[in-house]
Amino acid sequence: MLVKMHSSVRTSAVADGFSLLEMALVLVVLSLMMGWLITPLRAQLSLQKYQLTEQRLFSTQQALFGFAIIHHYLPCPDTDQPPDGWENVLANQRCAAVEGVLPWRQLEVLATDAWGRFFRYRADSTFTDHAQWFSIAAAENASNIEVIGDDGALTSNPSRPVAIILSHGENGLGGIQSVSGGQAYVMAAPTAPDELENADGDLIFVDQAQQQTAAGAFDDRLLMLSAKVLMQQMVQAQRLP
1 MLVKMHSSVR
11 TSAVADGFSL
21 LEMALVLVVL
31 SLMMGWLITP
41 LRAQLSLQKY
51 QLTEQRLFST
61 QQALFGFAII
71 HHYLPCPDTD
81 QPPDGWENVL
91 ANQRCAAVEG
101 VLPWRQLEVL
111 ATDAWGRFFR
121 YRADSTFTDH
131 AQWFSIAAAE
141 NASNIEVIGD
151 DGALTSNPSR
161 PVAIILSHGE
171 NGLGGIQSVS
181 GGQAYVMAAP
191 TAPDELENAD
201 GDLIFVDQAQ
211 QQTAAGAFDD
221 RLLMLSAKVL
231 MQQMVQAQRL
241 P
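Per the numbering used here, the sequence shown runs over residues 1 to 241.
Be a bit skeptical, because a hint or two may be false.
As the list claims (entries may be wrong) - Each pair of labels, with its calculated beta carbon distance range:
(1) 241 x 188: 43 to 51 angstroms
(2) 93 x 151: 37 to 45 angstroms
(3) 94 x 181: 47 to 55 angstroms
(4) 32 x 96: 38 to 46 angstroms
(5) 116 x 209: 37 to 45 angstroms
(6) 71 x 31: 56 to 64 angstroms
(7) 189 x 105: 26 to 34 angstroms
(8) 81 x 140: 31 to 39 angstroms
(9) 153 x 189: 22 to 30 angstroms
(10) 204 x 91: 54 to 62 angstroms
(11) 44 x 138: 43 to 51 angstroms
(12) 29 x 108: 51 to 59 angstroms
(13) 132 x 201: 37 to 45 angstroms
It should be emphasised that the hints constitute simulated quantities derived from the structure, not laboratory data.
Using N, Cα and C, we set each Cβ at its ideal position, and we do this for glycine too.
Can you make the complete structure from the sequences, with help from the hints?
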């Protein structure tokens, strides 16, 4: 009788041991499966945000064309801190600065990209002068804004853009993050040279494919306003010549 009880206890212990081992294996398999699932889900979410940002950039581009047709000039950048969505114009009807945040309230568009960062906006002063409207003759070669593509060549040749709209991408480096209550804070500066070029406030911008290299990451998104397209739309709307 004692032998039988001892054997029963051993059988139960072995069964319990196998049960715990099986549970551990199941947990390992589940964790691996979750890892396999999360990675593509993150990639899909990232892709969706880039697509949404591209849509917002395009809508803003069209809004800028429409604004120019109505007013015969482009809006000035918003230079307030925190941004309020309205252009900043001096008493002489020129812009307070040539680069800043997109004046989204002025244009009646969304303020930020899909990550909640304000769009950077730069426009050539020839096209933002509220007192002296631009002409066809002045428009073609007036802008000094340069955009460099993947191969290092100017993608803006032969006609340079009258303005650019820029999202600082998923990493947000160099951008301004919008937070609740109308507040904002400046993101860390980029370290990669191409992203730094898009945040340094000069006339040169980089527009290239998303990449991760030894030199650093690049995930900015940029859209240009072509001088030729602007002139064409102004003529069609009988605002020029």
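Hints versus structure:
At roughly 47 angstroms, the beta carbons of residue 241 and residue 188 sit within the given window of 43 to 51 angstroms. Between residue 93 and residue 151 the Cβ separation comes to about 40 angstroms, which falls inside the hinted range of 37 to 45 angstroms. Roughly 32 angstroms separates the CB atoms of residue 94 and residue 181, a value that falls outside the hinted 47 to 55 angstroms. Distance hint for residue 32 and residue 96: a CB-CB separation of about 56 angstroms, inconsistent with the stated range 38 to 46 angstroms.
Restraint check, residue 116 to residue 209: a C-beta distance of roughly 24 angstroms breaks the suggested window 37 to 45 angstroms. Take residue 71 and residue 31: their Cβ atoms lie about 58 angstroms apart, and the range 56 to 64 angstroms holds. Separation of residue 189 from residue 105 is about 27 angstroms and conforms to the stated range, judged on CB atoms against 26 to 34 angstroms. As the Cβ distance of residue 81 to residue 140 is approximately 35 angstroms, the hint placing it in 31 to 39 angstroms holds.
Restraint check, residue 153 to residue 189: a C-beta distance of roughly 26 angstroms satisfies the suggested window 22 to 30 angstroms. Checked against the hint of 54 to 62 angstroms, the pair residue 204 and residue 91 fails, with Cβ atoms roughly 30 angstroms apart. One distance hint, 43 to 51 angstroms for the beta-carbon pair residue 44 and residue 138, holds here, with the actual separation near 46 angstroms. Separation of residue 29 from residue 108 is about 52 angstroms and conforms to the stated range, judged on CB atoms against 51 to 59 angstroms.
Distance hint check: the CB atoms of residue 132 and residue 201 are about 24 angstroms apart, inconsistent with the given range 37 to 45 angstroms.
In this structure, the earlier hints numbered 3, 4, 5, 10, 13 are contradicted, and the remaining ones agree with it.
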